[in-house]
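If you read the sequences in order, they're chains A and B.
If you're matching positions, the first sequence starts at 19 in this note's numbering and goes up one per residue.
If you're matching positions, the second sequence starts at 2 in this note's numbering and goes up one per residue.
By construction, these hints were calculated from the structure, which means they are not laboratory data.
C-beta atoms are modelled at their ideal positions from N, C-alpha and C, and glycine is treated no differently.
A portion of the hints provided could be inaccurate.
Some chain A residues flagged as far from chain B (calculated, every beta-carbon gap over 10 Å) [claimed, not checked]:
hint	residue
1	F83
2	S130
3	L165
4	T180
5	S184
6	R231
7	F378
Looking from chain B toward chain A, a few residues come up when the C-beta cut is under 8 Å (computed) [to be verified]:
hint	residue
8	M126
9	V130
10	A134
11	L143
12	R194
13	V197
14	L200
15	M249
16	A269
17	A270
18	L273
19	W280
20	L289
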Amino acid sequence: MNRNAGLTRLGTDKIRRQVMFEAFLTSDTLTDAAKAALGGLTIGMCFGFAAQRSDFCLRAATVEFWSGQIAERFLVWLLVFGTALASVQILFAAGILPAAEIRQLANPGSLSGAVIGGSLFGAGMVLAGGCASRLLVLSATGNLRALVSGLLLTVIAQAALTGALSPLREMLGRLWVIGPNARNMALHLPAHAALLAGLAMMGAAILIGMRQRVAKAKLCFAAVVGLTVAMGWAFTASLAAYAFDPVAVESISFTGPSADTLMALINRPDLPLNFGIGLVPGVFAGSALSALLAGQLKVQVFSAETGMARYLAGAVMMGFGGMLAGGCAVGAGVTGGSVLSLTAWTALFAMWISAGIAHFARSARLRRSRCTHLIVHRVFR
Amino acid sequence: MEALSPSSIAALCGFIGGVLLGFCARWGRFCTLGAIEDASLGGDFDRLRMWGLAIAIAIAGTYGLDQAGLIQISDSFYLYAPATLVATLAGGILFGIGMAFVGTCAFGTLARLGGGDLKSVVTFMVMGVSAYATMSGATSYLRVALFPPAAPVSTSAGFAHFLGRAFGLAPHAPAYAIALLAALICLKSKTFRSNVRYLTTAVLVGLTIAFGWFATGYLAFDLFEPYPLESFRFSAPSGETLIYVMTMTGARLKFGIGAVAGVAVGAAATSLFQGYFRWEACDDARELRRQILGGLLMGFGGVTAVGCTVGQGLSAASTLAYPAPVALLSIFAGAWIGLHILVHGSVLEPLKSLFSSNSSR
Numbered sequence: 019m020n021r022n023a024g025l026t027r028l029g030t031d032k033i034r035r036q037v038m039f040e041a042f043l044t045s046d047t048l049t050d051a052a053k054a055a056l057g058g059l060t061i062g063m064c065f066g067f068a069a070q071r072s073d074f075c076l077r078a079a080t081v082e083f084w085s086g087q088i089a090e091r092f093l094v095w096l097l098v099f100g101t102a103l104a105s106v107q108i109l110f111a112a113g114i115l116p117a118a119e120i121r122q123l124a125n126p127g128s129l130s131g132a133v134i135g136g137s138l139f140g141a142g143m144v145l146a147g148g149c150a151s152r153l154l155v156l157s158a159t160g161n162l163r164a165l166v167s168g169l170l171l172t173v174i175a176q177a178a179l180t181g182a183l184s185p186l187r188e189m190l191g192r193l194w195v196i197g198p199n200a201r202n203m204a205l206h207l208p209a210h211a212a213l214l215a216g217l218a219m220m221g222a223a224i225l226i227g228m229r230q231r232v233a234k235a236k237l238c239f240a241a242v243v244g245l246t247v248a249m250g251w252a253f254t255a256s257l258a259a260y261a262f263d264p265v266a267v268e269s270i271s272f273t274g275p276s277a278d279t280l281m282a283l284i285n286r287p288d289l290p291l292n293f294g295i296g297l298v299p300g301v302f303a304g305s306a307l308s309a310l311l312a313g314q315l316k317v318q319v320f321s322a323e324t325g326m327a328r329y330l331a332g333a334v335m336m337g338f339g340g341m342l343a344g345g346c347a348v349g350a351g352v353t354g355g356s357v358l359s360l361t362a363w364t365a366l367f368a369m370w371i372s373a374g375i376a377h378f379a380r381s382a383r384l385r386r387s388r389c390t391h392l393i394v395h396r397v398f399r
Numbered sequence: 002m003e004a005l006s007p008s009s010i011a012a013l014c015g016f017i018g019g020v021l022l023g024f025c026a027r028w029g030r031f032c033t034l035g036a037i038e039d040a041s042l043g044g045d046f047d048r049l050r051m052w053g054l055a056i057a058i059a060i061a062g063t064y065g066l067d068q069a070g071l072i073q074i075s076d077s078f079y080l081y082a083p084a085t086l087v088a089t090l091a092g093g094i095l096f097g098i099g100m101a102f103v104g105t106c107a108f109g110t111l112a113r114l115g116g117g118d119l120k121s122v123v124t125f126m127v128m129g130v131s132a133y134a135t136m137s138g139a140t141s142y143l144r145v146a147l148f149p150p151a152a153p154v155s156t157s158a159g160f161a162h163f164l165g166r167a168f169g170l171a172p173h174a175p176a177y178a179i180a181l182l183a184a185l186i187c188l189k190s191k192t193f194r195s196n197v198r199y200l201t202t203a204v205l206v207g208l209t210i211a212f213g214w215f216a217t218g219y220l221a222f223d224l225f226e227p228y229p230l231e232s233f234r235f236s237a238p239s240g241e242t243l244i245y246v247m248t249m250t251g252a253r254l255k256f257g258i259g260a261v262a263g264v265a266v267g268a269a270a271t272s273l274f275q276g277y278f279r280w281e282a283c284d285d286a287r288e289l290r291r292q293i294l295g296g297l298l299m300g301f302g303g304v305t306a307v308g309c310t311v312g313q314g315l316s317a318a319s320t321l322a323y324p325a326p327v328a329l330l331s332i333f334a335g336a337w338i339g340l341h342i343l344v345h346g347s348v349l350e351p352l353k354s355l356f357s358s359n360s361s362r
């Protein structure tokens, strides 16, 4: 009896919340662009908080994988990817997310850009010690190294979009273009294959994670990171369905939005509000809050071992590569991957391969320099 | 020349002049903060004299061009819309503090960049973003709220024009007199007179500044597509260069963009030629923090004061505009405060030392 009443109350709560959400989406007090930005801010805060807590990092995952370890960082990445894939497929199945309005599926895309850009991005993130989103999260925790690399990445990304590097980007992108039909992998896969694959990845990550005693909180926060990607898709899709002005259906991504945010910051007259403009400050605030609560705010900079040139080179490669590939490790690698865009999967694959090559090249070089050091030490002592 | 638009001509000339200035910075050790440090810490005023002689030659050159009718110096925004006194003071002090933190000014950052110093890439980027945001972005609200923008004045706001009006003369004679006086004061020192490298550098810098006026006022002159009269400055153009690289498809070249690129190229060529080119990085925690903070301050201060050490200290000074000496003095004051903060680690320390020296007197 009591339990039934409780369930009913839960149900009405849910309905009331849904009504409130609809009221927000259809209200006249805010423009649709401002609503998108507000949504981006909120979802960004969740992403930033969870990404900081789970140490979500594609670079660390690839380095672990190519060193032959299946450990914490790799499992966190796998759980994020699996959760995002499975939950976004559920959104598709529930009819919330229309494939025809998703840019990554409905427009022609560049496979050559995905291969070249993804490779540049992958090697760049190994050099700079983190992908675009990781740099943003780290800079919010007081890492000046990440802040500086992130700023350079953003400037180069904007230069690749509209500036000095855009002719080169367009030339590389034109080499191999595929149409919307080829781009949407869902059209070529058996039904529910992606959902099952996502669930399998989640299951594997959780099982191995439990066996390896990865902290449960880390796994939970990794799942939250994956869910925020689905939240972004669901939010922009719902807003686009209600909105009077056109609203882009998109989710979490960093290369383009950080460039937009920087331009908005330094160019007042045409401040264009959108999901991405809210997202970047949101992620920054979320990670800063998380680090503050965990007592992990700490100013960090370049050191003799980390080297500065390496970081700057990596940032340049990521800024250009991310724009060319149509997204960063999260924008293409998770968000684009979760809607089964072929270019995004290609870019993600290229990132994994080239991160591996960069990792091996770097460790070989480090070994060699250590050998030389040893020889020099022995001979001259 | 027919094929080039006025802004392209201006940018090209800016580049050529920038290369010369970059050469002067590396070869002749032309550096404001260096000059201040030499004077205040080492008692060696030669580099400050180099600065003074460069100004004197720039004044003579600029007013010579005006007298010859090649340029109309009263069209310069330094003379017809001078920055307000408060903005010049506050901006200059902030710029000076930033300059002390970074270890050199906006121009010097570019010269260091050319020498292969990677931390200057960071400083330049932070300074450029900060400068552009102060011109038209987030921090411009703050600037406009604190310092009302300069309004055009009816009579040219310069010392030469003032003296000319007072004695019923053209401004040229007073300008030459001031230039001569400044040159004589600087050349009084025997060590400076015998230093050929410093003398050459000063002459070259002075002529380059005058060339800047000539380039934008005469070479880039176009009745249908007017190009504003300007000479070398480096705080606002750092931001404009950054924006140009980021939005090339929808942007126009400018004199300052060419100048920024020119200084880096000129400095790189000179240091390669001298064998001083080194890839350098920044390995120290506090050092990088100082660079970032200094870059932010220089970007904001330089735009607020409408000029950096070169923009106010040389270009505005060559027109003998009223704010130029105020800006230079406040930049010096800021640099002094900044150096004290670096040495003593506190903002209050400079004030304490000021009061104690007063009471001991």
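We went through each hint and held it up to the structure:
With a least CB separation of 30 Å from chain B, F83(A) remains clear of the 10 Å interface cut-off, as annotated. No Cβ of chain B comes within 10 Å of the Cβ of S130(A); the nearest lies about 21 Å off, and the non-interface call holds. The Cβ of L165(A) does not lie farther than 10 Å from every Cβ of chain B; its closest approach is about 8 Å, which violates its non-interface assignment. A cut-off of 10 Å between C-beta atoms contradicts the statement that T180(A) is not in contact with chain B; the least separation is 5 Å.
The claim that S184(A) is not at the interface with chain B is violated, since a C-beta of that chain comes within 10 Å of its own (minimum 6 Å). No beta-carbon of chain B is positioned within 10 Å of the beta-carbon of R231(A); the least distance is around 34 Å. Look at F378(A): its CB is around 24 Å from the nearest CB on chain B, clear of 10 Å, so calling it non-interface holds up. Interface hint at M126(B): satisfied, since its Cβ lies 6 Å from the closest Cβ of chain A, which is below the 8 Å cut-off.
At a threshold of 8 Å, the smallest CB-CB gap from V130(B) to chain A is about 6 Å, leaving the interface hint in force. Evaluation of the A134(B) hint against chain A yields a held restraint, the C-beta minimum of about 4 Å falling below 8 Å. Taken as an interface hint, L143(B) does not check out: its beta carbon lies about 12 Å from the nearest beta carbon of chain A, beyond 8 Å. Interface restraint check for R194(B): the shortest CB-CB distance to chain A comes to about 43 Å, outside 8 Å, so the restraint is violated.
Checking V197(B) against chain A: minimum C-beta separation of about 37 Å lies over 8 Å; hint violated. For L200(B), the interface hint is violated, the least distance from its beta-carbon to any beta-carbon of chain A being 38 Å, above 8 Å. Against a cut-off of 8 Å between C-beta atoms, the interface hint on M249(B) holds, since the closest Cβ of chain A lies about 4 Å away. Taken as an interface hint, A269(B) does not check out: its beta carbon lies about 16 Å from the nearest beta carbon of chain A, beyond 8 Å.
With a cut of 8 Å, the hint placing A270(B) at the interface with chain A is violated, because the nearest CB-to-CB distance is about 21 Å. For L273(B), the interface hint is violated, since its Cβ never comes within 8 Å of a Cβ in chain A; the closest pair sits about 18 Å apart. A cut of 8 Å between beta carbons decides the hint on W280(B): the least distance to chain A is about 6 Å, and the hint holds. Proximity of L289(B) to chain A holds as hinted, the smallest CB-CB distance being about 4 Å (cut-off 8 Å).
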